[in-house]
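Numbering-wise (UniProt numbering), the sequence shown opens with residue 1 and increments by one.
Just to be clear, a hint being listed does not mean it is correct.
[Stated by the list, open to error] For lysine-lysine, the following BS3-like pairs were computed, each having C-alpha atoms within a straight-line distance of at most 25 Å:
| hint | residue 1 | residue 2 |
| --- | --- | --- |
| 1 | 65 | 38 |
| 2 | 191 | 253 |
| 3 | 330 | 129 |
| 4 | 330 | 38 |
| 5 | 337 | 129 |
[Claimed, not checked] Listed next, with one range per pair, are the computed distances between beta-carbon atoms:
| hint | residue 1 | residue 2 | range |
| --- | --- | --- | --- |
| 6 | 134 | 163 | 40 to 50 Å |
| 7 | 41 | 295 | 48 to 58 Å |
| 8 | 169 | 133 | 45 to 55 Å |
| 9 | 294 | 32 | 21 to 31 Å |
| 10 | 298 | 214 | 32 to 42 Å |
Calculated directly from the structure, the hints in this document are not laboratory data.
Source: prediction; values computed, not measured.
Using N, Cα and C, we set each Cβ at its ideal position, and we do this for glycine too.
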Amino acid sequence: MIKNDLFLRALKGESVNRPPVWMMRQAGRYLPEFMALKRKYDFFTRCRTPELASEITVQPIRIIKPDAAILFSDILVIPQAMNIDVEMKEGIGPWLPNPVRTTADVEQVIVPNIEETLGYVMDAIDMTKEMLNDDVPLIGFAGSPWTILCYAVEGRGSKSFDKAKRFCFSNPQAAHALLQKITDTTILYLKEKVKHGVNAVQIFDSWGGMLSPVDYQEFSWPYINQIVDALADETEVIVFAKGCWYALEDMAKSRVSALGVDWTCSPDLARKFTGSKVTLQGNFDPSRLFSPIPDIQKMVKEMIDGFGKDKYIANLGHGILPTVPVDHAKAFVDAVKAYEA
1 MIKNDLFLRA LKGESVNRPP VWMMRQAGRY LPEFMALKRK YDFFTRCRTP ELASEITVQP
61 IRIIKPDAAI LFSDILVIPQ AMNIDVEMKE GIGPWLPNPV RTTADVEQVI VPNIEETLGY
121 VMDAIDMTKE MLNDDVPLIG FAGSPWTILC YAVEGRGSKS FDKAKRFCFS NPQAAHALLQ
181 KITDTTILYL KEKVKHGVNA VQIFDSWGGM LSPVDYQEFS WPYINQIVDA LADETEVIVF
241 AKGCWYALED MAKSRVSALG VDWTCSPDLA RKFTGSKVTL QGNFDPSRLF SPIPDIQKMV
301 KEMIDGFGKD KYIANLGHGI LPTVPVDHAK AFVDAVKAYE A
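Kindly produce the complete structure, drawing on both the sequences and the hints.
Written as structure tokens, this is what we have:
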């Protein structure tokens, strides 16, 4: 039994004394302890070494004490397993030397054996579960198929992902074949994570907002929904689609346990779009963690009042920024814990 099960209870829609809190990218660059490991080991070494991944996962639990841990890994371990080279370049970020640009390229992409290609992630889960000792739940995650396609086709991060969009719009057949392969792989990957003991999973559609509402319904949501349907009987599933407030109404009709909201959508609108049917998660602007601590405390209370304490998980509207002071991150978590309606 998980000792602090507030996060899981909120996902199930149960009434709670206060909302649970965690932060996207909480195991990361704002922590000096993380930076010490970053100086010693490159990015994918940290992802592929279970001792390092588990230590990084547990660091924020010790330091800022959120109500859930999220496994340290990366969404791009999936394309790596699918026969797509991915590097992490200093000053550039993700770098794919051989982007997927043609039907022939898509044919070279495989649906892998998860144990053979991503066993190191499962080892990290086993190790993390041992370190957490059932104190808090552990979240596993994956990128949405559309977001993975964006990197696979573009070859790097982008402000517009116009090469990825061009590929989808000029060669939709190949695009859908690639999206389906990513979907099939992601389902196998997340099911394996559940077998190894993660208590919930989150799908990150970081670049969903690049698509129009019509294109979102063709190239992103149907594939996310396949994943939700495949996992919903086995675990709690959260979907976070950045910039996709327009899809919240449709998403709320699915079998998701919770929907993430970014800071561009107000709590009352998010509740209206979802008909208050589903738990919501979010939506503090990560840049607002640079505000003075009393302001953070005041804004956190206003945010929770806006969403309501039930069917709600306090979080940021995207990942925490690397330059946020640790005491400000802790103030955010503490303000949620101190909440009284």
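Consistency of the hints with the structure:
1. 65 / 38: Satisfied, since the Cα-Cα distance of roughly 21 Å is no more than 25 Å.
2. 191 / 253: Given that 25 Å is the threshold and the Cα spacing comes to 22 Å, the pair holds.
3. 330 / 129: holds (23 Å)
4. 330 / 38: holds (21 Å)
5. 337 / 129: Distance of about 24 Å is within 25 Å: holds.
6. 134 / 163: 40 to 50 Å: For residue 163 against residue 134, whose Cβ atoms are near 45 Å apart, the range 40 to 50 Å holds.
7. 41 / 295: 48 to 58 Å: violated (36 Å)
8. 169 / 133: 45 to 55 Å: Holds: the Cβ-Cβ distance is about 50 Å, inside 45 to 55 Å.
9. 294 / 32: 21 to 31 Å: holds (24 Å)
10. 298 / 214: 32 to 42 Å: Because 39 Å falls inside the window, the suggested range holds.
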